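Following the hints, complete the assembly by docking chain H onto the known chain X.
Protein chains in written order, with my numbering: chain X, 1 to 77; chain H, 1 to 254.
Please note: incorrect hints may appear among the correct ones.
[As the list claims (entries may be wrong)] Cross-link-like lysine-lysine pairs, in silico, DSSO-like; alpha carbons within 27 Å at most:
(1) X:K46 - H:K81
(2) H:K102 - X:K46
(3) H:K153 - H:K197
(4) H:K153 - X:K27
(5) H:K153 - X:K50
(6) X:K50 - H:K197
(7) H:K239 - H:K2
(8) H:K135 - H:K179
(9) X:K46 - H:K239
(10) X:K72 - X:K46
(11) H:K81 - X:K8
(12) H:K102 - X:K27
(13) X:K72 - H:K102
(14) H:K214 - H:K239
(15) H:K81 - H:K135
(16) H:K102 - X:K8
(17) H:K46 - H:K2
(18) H:K170 - H:K102
(19) H:K74 - H:K135
(20) H:K102 - X:K50
(21) H:K135 - H:K239
(22) H:K2 - H:K197
(23) X:K50 - X:K27
Please keep in mind that the hints were generated in silico from the structure rather than gathered at the bench.
The structure displayed is predicted, hence computed values, not measured ones.
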Amino acid sequence: MTINVFTKELAELLEIEDDLSLETNLKDYEEYDSMSIMSLVAYVHKTFGKQFNARQLNQIDTVESLVELIGKESFDS
Amino acid sequence: MKYWSETLLEKKRILITGASSGIGRECAIACSNLGAHIILMGRDEKRLQEALHSLSGTGHSTIICDLTLVNSIKDHLAHLKSTEPISGFIHCAGIERTRPLKSFDSEDFAVMFNTNVTSAIELTRVISALGYLEKNGASYVFISSVSGINGEKGKLEYSSTKASLFALTKSLALELAVKHIRVNCISPAMVQTPMFKSITDSLPEDSVNSIEAKHLFGFIEPSDVANLCIYLISDLSRKITGSNIVIDSGYTLK
Numbered sequence: 001m002t003i004n005v006f007t008k009e010l011a012e013l014l015e016i017e018d019d020l021s022l023e024t025n026l027k028d029y030e031e032y033d034s035m036s037i038m039s040l041v042a043y044v045h046k047t048f049g050k051q052f053n054a055r056q057l058n059q060i061d062t063v064e065s066l067v068e069l070i071g072k073e074s075f076d077s
Numbered sequence: 001m002k003y004w005s006e007t008l009l010e011k012k013r014i015l016i017t018g019a020s021s022g023i024g025r026e027c028a029i030a031c032s033n034l035g036a037h038i039i040l041m042g043r044d045e046k047r048l049q050e051a052l053h054s055l056s057g058t059g060h061s062t063i064i065c066d067l068t069l070v071n072s073i074k075d076h077l078a079h080l081k082s083t084e085p086i087s088g089f090i091h092c093a094g095i096e097r098t099r100p101l102k103s104f105d106s107e108d109f110a111v112m113f114n115t116n117v118t119s120a121i122e123l124t125r126v127i128s129a130l131g132y133l134e135k136n137g138a139s140y141v142f143i144s145s146v147s148g149i150n151g152e153k154g155k156l157e158y159s160s161t162k163a164s165l166f167a168l169t170k171s172l173a174l175e176l177a178v179k180h181i182r183v184n185c186i187s188p189a190m191v192q193t194p195m196f197k198s199i200t201d202s203l204p205e206d207s208v209n210s211i212e213a214k215h216l217f218g219f220i221e222p223s224d225v226a227n228l229c230i231y232l233i234s235d236l237s238r239k240i241t242g243s244n245i246v247i248d249s250g251y252t253l254k
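Only chain X is shown next, with the shape it has when bound in the complex (with noise of 0.2 Å):
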């Protein structure tokens, strides 16, 4: 997946009508709530093969922080 295609689909999921880039601050967003985190998880999980829990994500804040912590090598160029 590039990250083009996922920031499209983390968008969606997150429900945020604005273009995602990597320098967004999520947090800055309302959306970004404890029941999109949990469907975050979901989404990495199933995604990305990658187990994180909603603590770890509530720690994240930009877009490249949480591409960070999936690990850009998860990610088509």
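Same frame as chain X, now just chain H:
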């Protein structure tokens, strides 16, 4: 049997699912302390053996079985027929998961439903057939959850499986009374088990503190649930069937 005694469950053979950890393991230990023979059922042979060694007395056994494979359950129990009559069944096995609606996955839900609900029905069907039970009847207990009563954000899958358990409890209680089988359900709030630890470890600390504050007498211990199981399995509760007993430390009051 009118009152509590140290031989309350003597000669009773009790089948317990999810017996290798948490509430199931605690129930097994508690019932064995009062003289029961336990059939521990679980997936993990090593942990099941550890649980077996923690029991009091003798005459216990294990059955290694993956309850998601519902069609295999009957074969796993076949050796009990006409040899080791069962007088109690406690269904503790269960999968818990927090997953909001937008992440719902029907295949994952089917696995959870099989473990939490369908296996309970199949186990009940098998052991209630001719040749498996004590002649004097039996008592079945299903471990549900208060989330099946009140619901919980992000728990639609788990709460619907747990609500199913107390719905089927009532139907089974009506259907099985003719065989002198009582069927009841226990709905605890947060019990301090390995499952509980994985939930609280994943949540932000303030969320954990807010959940704990709603437990007016603190989080529930596995032994609290085990003590209620003992009562429901024993003849002390001989007039109780079709009930869903809440043990929640006041959690549902607020």
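Each hint, compared with the structure:
1. X:K46 - H:K81: 42 Å, violated
2. H:K102 - X:K46: 13 Å, holds
3. H:K153 - H:K197: At roughly 19 Å apart (the allowed maximum being 27 Å), H:K197 and H:K153 satisfy the hint.
4. H:K153 - X:K27: 21 Å, holds
5. H:K153 - X:K50: 24 Å, holds
6. X:K50 - H:K197: Holds - the C-alpha atoms of H:K197 and X:K50 are around 20 Å apart, at most 27 Å.
7. H:K239 - H:K2: OK: H:K239 and H:K2 at ~12 Å, within 27 Å.
8. H:K135 - H:K179: Holds: H:K135 and H:K179 sit about 9 Å apart, inside 27 Å.
9. X:K46 - H:K239: Answer violated: X:K46 to H:K239 is near 48 Å, above 27 Å.
10. X:K72 - X:K46: Cα-Cα ~17 Å, so holds.
11. H:K81 - X:K8: With Cα atoms ~58 Å apart, H:K81 and X:K8 exceed 27 Å; violated.
12. H:K102 - X:K27: 20 Å, holds
13. X:K72 - H:K102: 26 Å, holds
14. H:K214 - H:K239: 32 Å, violated
15. H:K81 - H:K135: Within the cut-off at roughly 13 Å; holds.
16. H:K102 - X:K8: 16 Å, holds
17. H:K46 - H:K2: 39 Å, violated
18. H:K170 - H:K102: 32 Å, violated
19. H:K74 - H:K135: 21 Å, holds
20. H:K102 - X:K50: 19 Å, holds
21. H:K135 - H:K239: At roughly 18 Å apart (the allowed maximum being 27 Å), H:K239 and H:K135 satisfy the hint.
22. H:K2 - H:K197: 38 Å, violated
23. X:K50 - X:K27: 22 Å, holds
In summary, the numbered hints that this structure violates are 1, 9, 11, 14, 17, 18 and 22.
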